[in-house]
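Asker: Sequence:
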Amino acid sequence: MIVSHEHQFIFLKTTKTAGTSIEIALSQHCGPKDIITRIAKNDEAVRQSLGFRGPQNLGVPFYKYTRTDWGRLIKKGKPQKYYNHIPASLVKRYVGDRIWREYFIFTFERNPYDKAISRYYWELRRRELPELEGYLNQVGPRMLSNWHIYTIDDRVSADFVGRFERLTEDLGEVWQRLGLPGSPHLPQTKSGYRKDKSHYSTLLTPAARSRIETVCAREIVEFGYQFERISP
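Residue numbers (this note's numbering): 1 to 232.
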């Protein structure tokens, strides 16, 4: 997640949508007062190798704390900080109404059927998992859906929701809207884990499809996603 006072934008980072690559690309345009959240160690090494700004200004002022934040501080002694997949509701509370109203807020979403398979292989890299259908049935909804990240009170709160399926074009539009120099160049991160590149319609059983459509019903309707089948 990035809050750029330099260019007056807020990037809400969703999961399995090239969010880390986008975040790294945006970091090169950030100033010293901008908020940039942490990413995985290997990905941070990529950002450092490019000479871009890393994590900074993560602390949340005490006067912005929620009741949950105070409870965490009292029980665990850990102050609240901005983090990578922080939801819009908290970002709005922490940055304040003026910034939330005036800055350009954007995020990216992905076809939920394809995203679920990407999530499965991402998790499979580090632990044994049941078959795809079993995994989808046991995993929590927020592992499959990004809806909670870019909505407030069940309504989309971003000014622009780009699509993973047209990443280059939509990110180019973001660059244009923000007046950023050059064109976006995305470093490769978190790739190579999905072993089966088959179309999702050949991998998802009817039960697996039903699970995804139940969990991701809101974004399917909001963005008009459909279950597509490839020709035999």
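Please note: incorrect hints may appear among the correct ones.
Stated by the list, open to error - Here are the computed lysine to any residue pairs in the SDA-like style, where the Cα-Cα straight-line distance is at most 20 angstroms:
| no. | residue 1 | residue 2 |
| --- | --- | --- |
| 1 | 92 | 75 |
| 2 | 41 | 97 |
| 3 | 81 | 93 |
| 4 | 41 | 51 |
| 5 | 64 | 5 |
| 6 | 64 | 98 |
| 7 | 92 | 161 |
| 8 | 81 | 58 |
| 9 | 92 | 6 |
| 10 | 92 | 197 |
| 11 | 92 | 51 |
| 12 | 78 | 61 |
| 13 | 41 | 122 |
| 14 | 64 | 41 |
| 15 | 197 | 159 |
| 16 | 33 | 104 |
The hints are simulated quantities; they were obtained by calculation from the structure and are not laboratory data. Model, not experiment: these values are computed from the prediction.
Asker: Each of the hints needs a verdict: does it hold here or not?
Answerer: Hints and how they fare:
no.: 1; hint: 92 - 75; result: violated (25 angstroms)
no.: 2; hint: 41 - 97; result: violated (33 angstroms)
no.: 3; hint: 81 - 93; result: holds (13 angstroms)
no.: 4; hint: 41 - 51; result: holds (15 angstroms)
no.: 5; hint: 64 - 5; result: holds (18 angstroms)
no.: 6; hint: 64 - 98; result: holds (14 angstroms)
no.: 7; hint: 92 - 161; result: holds (17 angstroms)
no.: 8; hint: 81 - 58; result: holds (5 angstroms)
no.: 9; hint: 92 - 6; result: holds (18 angstroms)
no.: 10; hint: 92 - 197; result: violated (38 angstroms)
no.: 11; hint: 92 - 51; result: violated (29 angstroms)
no.: 12; hint: 78 - 61; result: holds (13 angstroms)
no.: 13; hint: 41 - 122; result: holds (16 angstroms)
no.: 14; hint: 64 - 41; result: violated (29 angstroms)
no.: 15; hint: 197 - 159; result: violated (32 angstroms)
no.: 16; hint: 33 - 104; result: holds (17 angstroms)
Checked against the numbered hints given earlier, the structure breaks hints 1, 2, 10, 11, 14, 15 and satisfies all the rest.
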